[in-house]
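The primary structure of each chain is shown beneath.
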Amino acid sequence: MTLFALGLIGLLTRRNLIFTLMSVEVMLNASGLAFIAGSYQWGQPDGQIMFVFILAMAAAEVSVGLALVLQFQRRIPSLDADKASEMRG
Amino acid sequence: MLSLLWLIPALPLASAAVLALFGTKLSHRLAAFLGVGSIGCSAMVAILIAANFLSSPPPGNHVVQHLWTWMNVGGLTPEIGFYFDPVTLLMVLVITFVGFLIHLYSTEYMRDDKGFSRFFAYMNLFVAAMLTLVLANNFLLLYLGWEGVGLCSFLLIGFWYEDPANVRAANKAFFVTRVGDTAMVIGLFLIATRLHTLDIQEAVQRAAAEWPVGSGVAIAAAALLLGGAVGKSAQLPLQTWLPDAMAGPTPTSALIHAATMVTAGVYLIARTHVLFSLAPSVQMAVAVIGAATMLMSAFSAIAQSDVKRVLAYSTMSQIGYMFMALGVGAWSAAMFHFMTHAFFKALLFLAAGVVIQALHHEQDMFRMGGLRKHLPLAFWSFVIGGSALSGLPLVTAGFFSKDLIIWQAWAGPNGSAWFWIAGILGAILTSFYTYRMILLVFYGPEKSHATNTKSLAFAIPLGTLCVLSVVGGYINIPADFGGTPLLSKFLSGVLPSIEREGAASITELGTTLSASAAFLVGLAFAYLLYGPLKARTRRDDPLLRFLYSGWGIDWLYDKVFVAPVRFVAGKSTTDLVDYIYTGIAKLALLGNTALGLTQTGRLRWYAMGIALGFVVLFAVAVLIR
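Here the protein sequences line up with chains D and C, keeping their order. If you use the numbering used here, the first sequence closes out at 89, no skipped numbers anywhere. If you use the numbering used here, the second sequence closes out at 625, no skipped numbers anywhere.
Honestly, the hints are just simulated from the structure, not real lab data. Since this is a predicted model, take the numbers as computed values, not measurements. Any given hint could be a false lead.
Unchecked claim - Beta-carbon label-pair distances, calculated as ranges:
hint, chain 1, residue 1, chain 2, residue 2, range
1, D, Pro45, C, Ile584, 30 to 38 Å
2, C, Val622, D, Gln73, 39 to 47 Å
3, D, Ile76, C, Thr24, 47 to 55 Å
4, C, Val622, D, Thr13, 23 to 31 Å
5, C, Phe614, D, Val64, 21 to 29 Å
6, C, Leu576, D, Gln73, 29 to 37 Å
7, D, Pro45, C, Arg625, 25 to 33 Å
8, D, Val64, C, Tyr161, 51 to 59 Å
9, C, Ala20, D, Ile76, 26 to 34 Å
10, D, Gln73, C, Gly601, 25 to 33 Å
11, C, Leu590, D, Ala56, 42 to 50 Å
12, D, Gln48, C, Thr69, 54 to 62 Å
13, D, Gln48, C, Ala611, 26 to 34 Å
14, C, Ala20, D, Ala56, 53 to 61 Å
What the hints assert, rightly or not - Chain C residues, not near chain D, derived (Cβ > 12 Å throughout):
hint, residue
15, Gly40
16, Gly81
17, Phe116
18, Leu190
19, Lys373
20, Val470
21, Glu508
22, Thr600
23, Ile610
What the hints assert, rightly or not - A few chain C residues that face chain D, going by a derived Cβ cut-off under 8 Å, partial list only:
hint, residue
24, Arg545
25, Arg602
26, Ala607
We put the beta carbon where it would ideally sit given N, CA and C, even for glycine.
Generate the whole structure from the sequences, applying the supplied hints.
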């Protein structure tokens with residue numbers, strides 16, 4: 001729970017896209033940890049299976065995310081998410 | 001052979017679909033070939049089936065062909081199925097054969113029209129719908145055809161849609177018939193809910209078994225069906241659309257507004273005659289409506305100046321005769337007159353089309369004259385068709401069919417002397433306006449130059465219809481003339497024939513002599529008033545103007561129905577109800593502005609929104625539990 005909150009706060013406060021991505025990872029891992037804990041608590045293997053899925057998903061997400069960040073860097077020579085506020089209303 | 005029944009409506013339908021989809025890409029020749037050929041093939045199939053039907057009549061003298069179940073909803077299972085009996089046979093033969101001739105004629109008449117393939121698509125669709133109407137074995141399929149012919153009528157009246165007057169005429173036809181159609185739909189609902197079937201034969205049998213004569217439900221059902229028939233067949237009080245429907249191309253007027261569609265009401269009443277027998281008061285109303293329309297429109301016809309409007313009023317008048325026949329219970333006489341009328345009225349319209357084209361779309365009879373020498377084909381067609389229409393004794397088809405009706409108007413089950421007098425008066429008027437028309441168009445000094453088109457596509461249909469207008473009556477020669485009423489006998493299995501009544505009523509011979517006298521009186525009046533002895537100018541007096549406007553019915557409807565609606569509409573442009581709707585629109589705009597503000601484009605705000613939303617939802621979920 002704390003880990004998830006840390007990730008969320010990071011997501012909301014940080015403007016650098018790399019940090020944003022890292023925060024998302026932290027949140028993902030927090031949920032994965034919650035699954036593991038749940039599976040340990042109730043003695044069910046489902047949580048562990050879910051975590052393996054989350055790992056795979058996170059890997060895919062990071063690759064896409066990093067590619068987007070690279071594109072962002074090329075278009076707008078910055079990593080500041082607030083610089084990309086062109087869409088409005 | 002009888003299993004090929006479905007081909008009769010399917011061929012025109014397929015051709016209509018092809019012409020509608022690829023019409024603009026097809027060559028002129030191919031479009032004409034498809035349009036005429038499909039009806040021709042359909043007529044061939046119809047003739048083959050008829051021959052088969054006559055040579056080896058199926059058990060029960062009818063054939064039912066079930067194709068598939070249309071739908072199955074709550075116990076109501078209307079199917080796509082066809083019912084073929086002598087009445088249907090007569091209708092199908094007339095529709096396909098006359099339809100074929102008129103299509104052939106159209107290839108020449110519409111040759112230079114830019115909507116050539118569109119015209120044939122509509123016409124083919126019309127024939128398909130009309131065949132569906134008469135072949136249907138249940139009321140729902142009949143209604144599909146009923147609305148289909150109404151749609152095609154609308155499309156063809158407004159065929160030259162660049163002229164707003166034509167569009168207005170098309171709308172008028174559509175709206176006025178809609179009044180009748182609504183009544184008919186309610187009638188069908190009544191039949192479906194009370195008799196639990198939409199199959200025509202079954203419904204009629206159940207009605208005869210369950211409803212006593214003169215019971216309220218039988219009267220309601222018959223009256224509602226009569227409403228539909230009155231609208232479609234242009235009878236009082238829904239007759240105003242037919243004269244305006246002449247805005248369409250002339251072949252359309254011949255096919256739809258003379259030969260086939262306007263007689264759909266006659267077919268409907270003949271088909272459900274059992275229901276009408278169960279409601280004697282409604283059947284009496286049919287006769288009265290028929291007689292009144294017949295006289296009113298015959299009076300209107302003598303004041304018209306447009307040749308097509310004369311024919312339109314004449315059509316209403318002749319359908320009035322058929323309604324009168326149905327009303328007095330002379331079912332087969334009505335069908336006989338339907339057949340002969342289809343021949344001679346189609347002939348007259350097509351001949352009028354030749355005249356109109358020769359004079360470069362001039363329709364005013366007072367600007368015509370002396371065309372006898374220039375247009376011999378049209379002249380002889382007019383003479384033969386007109387004589388058949390006014391019942392030239394012994395040699396024309398109209399004579400036999402009209403005589404039968406007038407005789408049975410008195411001698412029939414519900415007949416009375418009044419109907420007989422109306423019939424004779426109508427015959428005088430018919431003869432008068434017909435020869436007035438012929439004298440104005442073909443005799444007297446020449447007023448305009450005519451360019452005669454000599455074409456086989458004109459000659460074949462006109463010639464064939466001339467022959468049919470003469471010999472068409474011989475299939476039903478009354479017994480008093482030493483002949484046998486073949487048609488009445490043929491139809492007697494479906495439509496009960498009339499037993500000869502006692503000496504109280506008039507004999508057939510007496511009627512014949514009176515009708516022949518009526519014919520001569522009308523002819524004499526026409527000759528005296530519009531013949532060579534008189535100036536051939538339009539006269540203008542209040543009575544003629546009143547008749548010209550069709551008894552002022554249009555004016556009356558305009559004041560009674562249209563004006564109040566327009567008044568209310570004019571008053572209610574700024575009313576309370578409008579505020580509600582504009583209020584809703586303003587609210588939506590406000591919401592749009594408010595939500596638009598949240599679209600800042602800042603990623604972290606969005607993430608914040610998601611997180612907050614989640615927290616709120618979570619809180620709600622926890623609190624509610």
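Consistency of the hints with the structure:
no.	hint	result
1	Pro45/D <-> Ile584/C: 30 to 38 Å	violated (55 Å)
2	Val622/C <-> Gln73/D: 39 to 47 Å	holds (42 Å)
3	Ile76/D <-> Thr24/C: 47 to 55 Å	holds (53 Å)
4	Val622/C <-> Thr13/D: 23 to 31 Å	holds (26 Å)
5	Phe614/C <-> Val64/D: 21 to 29 Å	holds (23 Å)
6	Leu576/C <-> Gln73/D: 29 to 37 Å	violated (60 Å)
7	Pro45/D <-> Arg625/C: 25 to 33 Å	holds (28 Å)
8	Val64/D <-> Tyr161/C: 51 to 59 Å	holds (57 Å)
9	Ala20/C <-> Ile76/D: 26 to 34 Å	violated (55 Å)
10	Gln73/D <-> Gly601/C: 25 to 33 Å	violated (18 Å)
11	Leu590/C <-> Ala56/D: 42 to 50 Å	holds (46 Å)
12	Gln48/D <-> Thr69/C: 54 to 62 Å	holds (57 Å)
13	Gln48/D <-> Ala611/C: 26 to 34 Å	holds (27 Å)
14	Ala20/C <-> Ala56/D: 53 to 61 Å	holds (56 Å)
15	Gly40	holds (65 Å)
16	Gly81	holds (59 Å)
17	Phe116	holds (54 Å)
18	Leu190	holds (58 Å)
19	Lys373	holds (81 Å)
20	Val470	holds (81 Å)
21	Glu508	holds (88 Å)
22	Thr600	violated (6 Å)
23	Ile610	violated (10 Å)
24	Arg545	violated (67 Å)
25	Arg602	holds (5 Å)
26	Ala607	holds (5 Å)
Consistency note: the structure conflicts with the earlier hints numbered 1, 6, 9, 10, 22, 23, 24.
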